[in-house]
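Please arrange chain B on chain U, whose structure you already have, making use of the hints.
In the order they appear, the protein sequences are chains U and B.
According to this note's numbering, the stretch in the first sequence is residues 1 to 295, in order.
According to this note's numbering, the stretch in the second sequence is residues 1 to 295, in order.
Hints listed in this document are in silico derivations from the structure and should not be mistaken for laboratory results.
No residue lacks a Cβ here, since even glycine has one placed at the ideal position from N, Cα and C.
Mixed in with the good hints, there may be bad ones.
Subject to a maximum C-alpha distance of 27 angstroms in a straight line, what follows is the list of computed DSSO-like cross-link-like pairs (lysine-lysine) [as the list claims (entries may be wrong)]:
1) Lys246(U) x Lys147(U)
2) Lys147(U) x Lys165(U)
3) Lys46(B) x Lys281(B)
4) Lys246(U) x Lys46(U)
5) Lys140(B) x Lys147(U)
6) Lys147(U) x Lys147(B)
7) Lys147(B) x Lys140(U)
8) Lys147(B) x Lys246(B)
9) Lys246(B) x Lys165(B)
10) Lys147(B) x Lys46(B)
11) Lys140(U) x Lys140(B)
12) Lys165(U) x Lys246(U)
Among the chain B residues that face chain U by a calculated CB cut under 10 angstroms, a handful are [claimed, not checked]:
13) Pro29
14) Cys89
15) His103
16) Val104
17) Thr143
18) Gly144
19) Ala146
20) Met154
21) Ala156
22) Asp288
23) Val290
For reference, the chains in residue letters:
There are 2 protein chains.
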Amino acid sequence: MAEIEQRLVETADRITVALDRLLPRAQGPETRLLSAMRYAALGGGKRLRPFLLLEAGRIFDADEQALLRVAAAVECVHSFSLVHDDLPCMDDDDTRRGAPTVHVEFDEATALLAGDALLTFAFELLAEPATHPDPQMRCKLITGLAKATGPQGMIAGQALDMAGKDVGNDLIAITRMNRLKTGALINFSVEAGALIGCAPDDARHALQRYGHDVGLAFQLADDLLDLQGRPDVTGKAVQKDAAAGKVNFVTVLGAAPARERMQLLAAQAKGHLAIFGPRAKLLAAIVDFVMDRQH
Amino acid sequence: MAEIEQRLVETADRITVALDRLLPRAQGPETRLLSAMRYAALGGGKRLRPFLLLEAGRIFDADEQALLRVAAAVECVHSFSLVHDDLPCMDDDDTRRGAPTVHVEFDEATALLAGDALLTFAFELLAEPATHPDPQMRCKLITGLAKATGPQGMIAGQALDMAGKDVGNDLIAITRMNRLKTGALINFSVEAGALIGCAPDDARHALQRYGHDVGLAFQLADDLLDLQGRPDVTGKAVQKDAAAGKVNFVTVLGAAPARERMQLLAAQAKGHLAIFGPRAKLLAAIVDFVMDRQH
Numbered sequence: 001m002a003e004i005e006q007r008l009v010e011t012a013d014r015i016t017v018a019l020d021r022l023l024p025r026a027q028g029p030e031t032r033l034l035s036a037m038r039y040a041a042l043g044g045g046k047r048l049r050p051f052l053l054l055e056a057g058r059i060f061d062a063d064e065q066a067l068l069r070v071a072a073a074v075e076c077v078h079s080f081s082l083v084h085d086d087l088p089c090m091d092d093d094d095t096r097r098g099a100p101t102v103h104v105e106f107d108e109a110t111a112l113l114a115g116d117a118l119l120t121f122a123f124e125l126l127a128e129p130a131t132h133p134d135p136q137m138r139c140k141l142i143t144g145l146a147k148a149t150g151p152q153g154m155i156a157g158q159a160l161d162m163a164g165k166d167v168g169n170d171l172i173a174i175t176r177m178n179r180l181k182t183g184a185l186i187n188f189s190v191e192a193g194a195l196i197g198c199a200p201d202d203a204r205h206a207l208q209r210y211g212h213d214v215g216l217a218f219q220l221a222d223d224l225l226d227l228q229g230r231p232d233v234t235g236k237a238v239q240k241d242a243a244a245g246k247v248n249f250v251t252v253l254g255a256a257p258a259r260e261r262m263q264l265l266a267a268q269a270k271g272h273l274a275i276f277g278p279r280a281k282l283l284a285a286i287v288d289f290v291m292d293r294q295h
Numbered sequence: 001m002a003e004i005e006q007r008l009v010e011t012a013d014r015i016t017v018a019l020d021r022l023l024p025r026a027q028g029p030e031t032r033l034l035s036a037m038r039y040a041a042l043g044g045g046k047r048l049r050p051f052l053l054l055e056a057g058r059i060f061d062a063d064e065q066a067l068l069r070v071a072a073a074v075e076c077v078h079s080f081s082l083v084h085d086d087l088p089c090m091d092d093d094d095t096r097r098g099a100p101t102v103h104v105e106f107d108e109a110t111a112l113l114a115g116d117a118l119l120t121f122a123f124e125l126l127a128e129p130a131t132h133p134d135p136q137m138r139c140k141l142i143t144g145l146a147k148a149t150g151p152q153g154m155i156a157g158q159a160l161d162m163a164g165k166d167v168g169n170d171l172i173a174i175t176r177m178n179r180l181k182t183g184a185l186i187n188f189s190v191e192a193g194a195l196i197g198c199a200p201d202d203a204r205h206a207l208q209r210y211g212h213d214v215g216l217a218f219q220l221a222d223d224l225l226d227l228q229g230r231p232d233v234t235g236k237a238v239q240k241d242a243a244a245g246k247v248n249f250v251t252v253l254g255a256a257p258a259r260e261r262m263q264l265l266a267a268q269a270k271g272h273l274a275i276f277g278p279r280a281k282l283l284a285a286i287v288d289f290v291m292d293r294q295h
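So here's chain U without its partners, still in its complex pose:
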């Protein structure tokens, strides 16, 4: 596990440094808004999506600078989704990563607007020539991120998650919800790496399948943690889904079948990487790492 952990920390640090440099300075009359954005985006996190994006791109020797900026944009979108998810009208969470959530540290209006600003800023980042010299590539990345995020992507998943049992509590409904809520952005991360690296079609398809399986495996791991995790380790409240009348893989399948399913998906995900040989070893290692994590 040593290498993967080291690389995860390294990537997380690089992303935090990049975001710190790219996000607007917190100054002027709108300091409060800008501070809230920075608080949300720089406050840690595993930076899993950036890791997937960077490692997928590295298989094809993609330009590091391009990967880093796109990874920063993805992380802005991810941060936005957490800030809005934590709001009282959504999950009403007071802590995240062991610290007060944005609306608790600042206020609800500021959290709402900081989320909006992070989402917008992601597209600003992608559209700039510094991201990639080819505007066609930048447009493709923007289309991909917008589709993964918008009304037929992550945000639709958040809406389904809020609706909970009302939209069905069978395995098909819960799988679709998760494919949208967390899968879409994970898929985009992997695909963006391949896109920037100009990967050939068969490689892209293999990575798409990897992204699909990995997204569901990660969500199963999350749902198992929600059931079995300890709040002092996860840094957030646990067993919230059941308390909120929400459905997740564990409430639908039960813990043991959910764990089995996670392991199956993980094995399948790693199988899709076979064609890349040792170049994809970190993409394989991250799967085991996430399954074993305690937070």
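Here is chain B on its own, set in the frame of chain U:
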């Protein structure tokens, strides 16, 4: 006034038809989210920004299809901002355009997510080849819209508006707040028309100045309506700013000086259009129309 009113209604209808066609159908498990998006975006409004964009572009015989799609994207952003502005943690408004606001008609979580989805969808629209065949142009439009909307644009203005007196109640502070909150998106609308029309530099600069003055004149007209308007005519609550301890041009300057200032800016705005001759007559007419409006 007849021609300008007719053209405004015509433009509003075209935008509503375009949005109806472009927005995702309200179907499937996420119907509620998609319905809320459509409710927000299709529920009327003067469509002033689309009007400015289309008329600015027409000076240079810009492609109508491109103008229409970009205008639809701008209106998605405008709709998003209204939905979030109306939320209980922001202005807490129950009615808009004489109908229940989105969080009242649906619920807070759905309104939050519908706003997020409209914002994201605007960038999806712009990035697609159907908007303009040149990806460089699409990137420029995305950069422009993101900057006008994001942490150094409209959203910063919303944050300053919420902060109210805390960030200063002098004319400089209130002008800056309005330049961000409503001016940035109005400026972008005019500039996008010029950009799509490949306007020469002097024409672009004249339109930038027009956009700047028109944005402030419109806001002054709004603030005067907030003081003097009748809720049965404006379709929303009035005198909310003073009640909420907010500052606006009228609370800072007083009604008569605010009206004078509005008229001065309007004359100045029309002056910038002189170089275009009769081609800009609708851009000139809209200024008077907005100043005289009762809602």
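- Query: Which of the stated hints cannot be reconciled with the structure, identified by number in ascending sequence?
  - Reply: 16, 22 and 23
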